[in-house]
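*Asks:* Protein chains in written order, with the numbering used here: chain A, 7 to 403; chain B, 1290 to 1505.
For the record, the hints were derived by calculation from the structure and aren't laboratory data. Possibly wrong hints are sitting among the right ones.
What the hints assert, rightly or not - With a straight-line Cα cutoff of 20 angstroms, these simulated EDC-like cross-link-like pairs (lysine to aspartate or glutamate) come out:
(1) B/K1499 with A/D24
(2) B/K1499 with A/D164
(3) A/K394 with A/E116
(4) A/K234 with A/D386
(5) B/K1389 with A/E116
(6) A/K37 with A/E398
(7) A/K348 with A/E186
(8) B/K1497 with A/E27
(9) B/K1352 with B/D1431
(10) A/K82 with A/E186
(11) A/K348 with A/D164
(12) B/K1497 with A/E116
(13) A/K299 with A/E331
(14) B/K1497 with A/D24
(15) B/K1499 with A/D386
(16) B/K1499 with A/E27
(17) A/K37 with A/D52
(18) A/K104 with B/D1435
Stated by the list, open to error - Now the in silico label distances, taken between C-beta atoms and shown as ranges:
(19) B/E1372 with A/G308: 45 to 55 angstroms
(20) A/Q191 with B/K1499: 46 to 56 angstroms
(21) A/E167 with B/G1393: 36 to 46 angstroms
(22) B/E1356 with A/S338: 32 to 42 angstroms
Think of the CB as a built atom: it goes at the ideal place given N, C-alpha and C, for glycine as much as any other residue.
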Amino acid sequence: MRALTWHGTHDVRVDTVDDPEIINPRDAILKITSTAICGSDLHLYDGVIPGVLPGDVLGHEFMGEVVETGSDSTLKKGQRVVVPFTISCGGCFHCQIKQFSACENSNPVEKQDMSATLYGHPMAALFGYSHLTGGYSGGQAEYVRVPFSDVGPIVIPDHLEDEKVLFLSDILPTGWMGAENAEIQPDDTVAVWGCGPVGLFAIQSAIVMGASKVIAIDHYTHRLELAKQLGAEIIDFHKTDVREALMEMSGGIGCDAVIDAVGMEAHGFAIDNMIDIAKQKVGIGADRASALKQAILAVRPGGRVSIPGVYGGMTDKFPLGALMEKGLQVRSGQTHVQRYTKDLLEKIEDGTLDTTFLISHRLPLEDAARGYKCFREEQDNWTKVILKPGMERGPAA
Amino acid sequence: MNEQRNLGLAGTVTGVALAIGGAAFAGFLAKRHKGGSDDAPLFTRKRPGTENPIVGRTVTIRKPRAELYAFWRDFQNLPDFMENLESIRADGDAHIWTIKAPAGQTVELRTEIVQEVKDQTIAWRSVKNSDIATNGEVTFADAPGDRGTRVSLVMFYDPPAGKLGRAIATLFQREPKAQARHDLKRFKMLMETGEIATSAHTRDATRKAKQQETER
């Protein structure tokens, strides 16, 4: 089959690789109908995530048709499903208390040591996101093997087209959980750093949850425009003193809740030595956390800090004093996708949430490398790229 | 009394260890209760000056104690999650273990059960004059609330002298701490999910398939 494979920093290619096979009883094989490039895939593309090997198939936002099932899969051939990017077994302690992204059994035993060394505990497995999280082949491909297919995938009714539901795999629940972790109350002023897909969905979610004011912070004009269309007030941080503006916009109180939807490659900071250090055996580099640091200073005393943005290592000069002295609550984590898929599918069906506004480009899988390049270099206009294995290749390739 | 309280404090944690070398099992059992020099649960204490420091691990498995005990007690199941074991078959009261050795060879050893308390503990050791001296003990204890069972494992191998012995020692000593922890985690996966997670893309690329490949 054809699949998007990683070969090095800024080097991804569509190669021919082996077709996936059923290995364990609970597996299923999907024929991919739609898959997306995630903002966090750019961290792999930029080489700042350790443990990616040449030839690894990327992609953790995907959906498709069930074409093969293991003996213990509950899926049926022909069903259309969206697959959560977090792989969860359903049977361990963490899955039972719905902390699905802390699953103890999905990351293969021999792959657990690296993240256990870094973080004190092994991570759960994710699709297509380095061997730190299992080394599972991702979904930017024609086919994918889905382990524990009786737990993660959600069956999609025929009348909902791919583009309406694809983002249930990651960015919609991630934005939703980002807002939920901010514990939004009706009179709240909420600030969101980053108007990428997760930030935009966090903004939309915060509004649905009843925030009185949502303020979006970015420097890309088109992305800020999208935030405005969702109902947010906007701040361009290239033109504006962000903390000054936030204090005024919140009546001199400060934001009740802040959401960092930027993560480890924040703009506006000098490139640090993350790449070099991450390649070292220990795998610890310094994350660029400028958005988070600003958010911690902008939130009111006793306020809430939610971090859906991805971080991988350590950070320097963290405002720990502000965190303690202001009595802040911090919540973060990879998304417990399986916790949200059913409710969010209902909100898509009844029109409460729209996800299609985000999509800027649709490309055949064969053009995936170009998709990565443009998504990275033209972030303002390339807000979200969908790849379709079945799509005809255009002349632009 | 003091010793009992220590055991109580350690709770049901008895630890997991795979230490390679010459510690005799009885000696080990005696030493275990004397403990080391710090506050860690018994098997995980630092033991300055010992040649084969005992390294411990316990896993919590979300299944009833009796179910886990029964699966383990059926020794034929052990190769399902212990990577270097090819098979275990009963021979009267004893068991014949077939252990993978480098270059496609195997080594057999004969074990007998030395202690057994239903739903709590199983201890075994190799009979005299085995190619490899081995002993092991697994214990099962209730975890708090509905969290299942705490399972602790200790195993020793004392490989024989000579070329084959050195090869086996290499096999088991590659990463003894990791090996024990990995075996126990595979047991947890098998019990909680019915399968052992693999990120292989094709059946030929699983760890098991690759091992069989190198044996040929």
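*Asks:* Could you run down the list of hints and mark each one as holding or not?
*Replies:* Now the hints, each set against the structure:
no.: 1; hint: B/K1499 with A/D24; in the structure: holds (16 angstroms)
no.: 2; hint: B/K1499 with A/D164; in the structure: violated (41 angstroms)
no.: 3; hint: A/K394 with A/E116; in the structure: violated (33 angstroms)
no.: 4; hint: A/K234 with A/D386; in the structure: holds (15 angstroms)
no.: 5; hint: B/K1389 with A/E116; in the structure: holds (19 angstroms)
no.: 6; hint: A/K37 with A/E398; in the structure: holds (17 angstroms)
no.: 7; hint: A/K348 with A/E186; in the structure: holds (16 angstroms)
no.: 8; hint: B/K1497 with A/E27; in the structure: holds (15 angstroms)
no.: 9; hint: B/K1352 with B/D1431; in the structure: holds (10 angstroms)
no.: 10; hint: A/K82 with A/E186; in the structure: violated (33 angstroms)
no.: 11; hint: A/K348 with A/D164; in the structure: holds (16 angstroms)
no.: 12; hint: B/K1497 with A/E116; in the structure: holds (12 angstroms)
no.: 13; hint: A/K299 with A/E331; in the structure: holds (15 angstroms)
no.: 14; hint: B/K1497 with A/D24; in the structure: holds (19 angstroms)
no.: 15; hint: B/K1499 with A/D386; in the structure: violated (46 angstroms)
no.: 16; hint: B/K1499 with A/E27; in the structure: holds (16 angstroms)
no.: 17; hint: A/K37 with A/D52; in the structure: violated (28 angstroms)
no.: 18; hint: A/K104 with B/D1435; in the structure: holds (15 angstroms)
no.: 19; hint: B/E1372 with A/G308: 45 to 55 angstroms; in the structure: holds (52 angstroms)
no.: 20; hint: A/Q191 with B/K1499: 46 to 56 angstroms; in the structure: holds (55 angstroms)
no.: 21; hint: A/E167 with B/G1393: 36 to 46 angstroms; in the structure: violated (54 angstroms)
no.: 22; hint: B/E1356 with A/S338: 32 to 42 angstroms; in the structure: holds (36 angstroms)
Of the numbered hints stated above, those contradicted by the structure are hints 2, 3, 10, 15, 17 and 21, listed in ascending order.
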